[in-house]
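Chains as they are written, first to last, in our numbering: chain A, 764 to 1116; chain B, 1231 to 1468.
FYI, nobody ran anything at the bench for these hints, they're computed from the structure. Do not rely on the hints blindly, as some may be mistaken.
[To be verified] Below, computed lysine to any residue pairings styled on SDA-like, alpha-carbon distance capped at 25 Å: (1) K939/A x Q919/A; (2) K939/A x L1328/B; (3) K1374/B x T1243/B; (4) K939/A x H993/A; (5) K1323/B x P839/A; (6) K915/A x T1243/B; (7) K914/A x T1243/B; (8) K1374/B x Y1263/B; (9) K914/A x P1332/B; (10) K914/A x L1241/B; (11) K1323/B x G841/A; (12) K1010/A x K939/A; (13) K939/A x D968/A.
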Amino acid sequence: MHSEDESVTFPALQGNRWPACRGIRYLLNTLYLRENTLLMQLINVEQLCRYYGDQCAVDHVSFTLEKGEILGFLGPNGAGKSSTMQMITGNLAPTSGQILINGIDILDQPREAKRALGYLPEIPPVYRELTVDEYLDYSARLHEVSPSHVKKSRDQAKERCGLSEVGERLIGNLSKGYQQRVGIAQAILHSPAVIILDEPTVGLDPLQIREIRALIRDLGREHAIILSTHILPEVQESCTRVQIIHKGRLVLNDSIEGLTQQMRASSLVLQTRSPIETRDLTDVPGVHTLELLEATRCRVYHDKTVNPAEQLAERVVSRGWGLIELTPERRSMEEIFIDITQHTTTTSEEMTS
Amino acid sequence: MMSLVIAGRELRTLFLSPLAWSILGVIQVILAYMFLAQLEYYSMMQARIAGMEDAPGITDMLVAPLFGNAGVILMLVTPLLTMRLISEERRNKTLSFLFTAPVSMTGIVLGKYLGVFGFMLIMVGMIVLMPLSLLAGGGLDMGKLAACTLALVLLLGSFSALGLYLSALADQPTVAAVATFGALLLLWIIDWLGSAAGQAVASWSTCPCCAIMKVCSRGWFRPPIWPISCCSLPPSWY
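Could you put the whole structure together from the sequences, leaning on the hints where they help?
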């Protein structure tokens, strides 16, 4: 009698449960999607401030960084680069503001947030009395790499940073460049989602610098990287985004393409064998003004969007002046950097307006 | 869990430097000398004590003074061990390595403490071997020995905690060492004044040095070597 009852009620119950199941699945899906978009943003910094006494080192800095991005952090000495990085890695308490690492607030849940972090400070935090292997093992265990994977991840990090041959040596006996590499190795060892490197190429020789840049580009595919540096070509070479910080304020936040756009200047230099008649060139489409440098040499200012080089060349050839040189002038990154950092007041006014 | 990783490294680093080995060696030599002197004194006194009613046993005569001495000597040595715990990391900028790792502040401090406490335990283990060697020729009051050991362990635990705290405050290891030494010395002086002035300052002498003595001496037997006489004692005995 009892079993009969069961056989009747059970399918009925199952039928009733269906909509509920779908509801739950829908809910889970939306949650998952929400989580996913949050996960894409590996770093989310909002209105970050830090005061040292009365002095403001970091002033309302906000930015986000997604997976696969390499952010170059530029700025003159004392601009607040290191302070910002220390705050993101939980080494310095912000005066105000919020920092989310992988969607987790580093101030509320520091341990969970720090699991996703790898950090190389300005001075590599190495214990001079340990060997490279001992140090990296310690680092792996501290970052909760499971005991069975410690050796594997240590060897991998050593290989990536070119340390395979110095594993048995004391860190204190290594050169500055190798100590720097050990510092990088400890930052990437546990394969964190976010890697933060404060001047990673300081003290390295040119060959090592090239290796480290390649490594950074390689890592950038699967992680989000913040990189601070004084060396401008480094940013151009290895980063996908640039931020310039000056006096604690973010004065530029652009992709590397945007920056290249800014660098593309709006002038050409033209040199010919016989003297130039400037009147003949003013009607070339896109040309604004002409500045005669010498009798046979002039600078042509033009629209950023239109490049009149081809028409200019045709015109010069058709006049029979003998074209010797036609070069686009580029603003170097240094010039942009100096421009921005020296005119911060105007830039920040523009930003606020 | 992470604390144990930090403690393990701390302990290993201690033994990588000659400091730990020399401290262990020097302490063992000094205490062994004092122990042997005390043994000599005991064998001299044995006949006289035998006639006494309720005579102190070998444990009271030998073990309690040994542990009392160890307490004083380790008070001088603890600052050397605890001074570099955190201040050196701060000085060498390696502290950010710990701050970036997924370890809480409590975990870091606990790890450092357990590391230095582990070293203290090794030291106590070496000291306990001396009274245990008496078992070869006779019996010991094991309960009393255990009480003395526990007292020394607790004493060293509190020394380490004080040293670690001051190391966390100081920027330089030497400053931490001087501060720790000063603080421990002050506690000891309070204890000494308390015992010298009878019960007048007794309410002050609640410091750890005093506690270990009470445990060791069962209240009625005050070892002759306690406080300052420990250095000048051997000649004055004979």
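| task | For the pair supplied as a hint, K1374/B and Y1263/B, confirm whether the alpha-carbon distance does not exceed 25 Å. | result | 22 Å, holds
| Hint consistency between K1323/B and G841/A [alpha-carbon to alpha-carbon, up to 25 Å] | 18 Å, holds
| task | Mind checking the alpha carbons of K914/A and L1241/B for me, to see if they're no more than 25 Å apart? | result | This hinted pair holds, its Cα atoms lying about 22 Å apart.
| query | Is K914/A within 25 Å of T1243/B, Cα to Cα? | reply | Roughly 21 Å between the alpha carbons, so the hint for K914/A and T1243/B holds.
| message | For K1374/B and T1243/B, compute the direct alpha-carbon distance and say whether it is at most 25 Å. | response | It is violated: about 34 Å lies between the C-alpha atoms, which goes past 25 Å.
| Pairwise hint evaluation, D968/A against K939/A, where the allowed Cα distance is 25 Å at most | Since the Cα atoms of K939/A and D968/A sit roughly 10 Å apart, the hinted pair holds (cutoff 25 Å).
| said: K939/A and L1328/B were given as a pair; does the straight-line alpha-carbon distance stay at or below 25 Å? | reply: Within the cut-off at roughly 21 Å; holds.
| said: K939/A and Q919/A were given as a pair; does the straight-line alpha-carbon distance stay at or below 25 Å? | reply: 21 Å, holds
| message | For a C-alpha distance cap of 25 Å, please report whether K915/A and T1243/B respect it. | response | 24 Å, holds
| task | Starting from K939/A, check that the Cα of H993/A is at most 25 Å away, please. | result | 18 Å, holds
| Is the hinted pair K914/A and P1332/B satisfied, with a Cα-Cα distance of at most 25 Å? | 20 Å, holds
| Given hint P839/A paired with K1323/B - CA-CA distance at most 25 Å | 22 Å, holds
Violated hints, listed in ascending order, are 3 and 12; each of the other numbered hints is respected by the structure.
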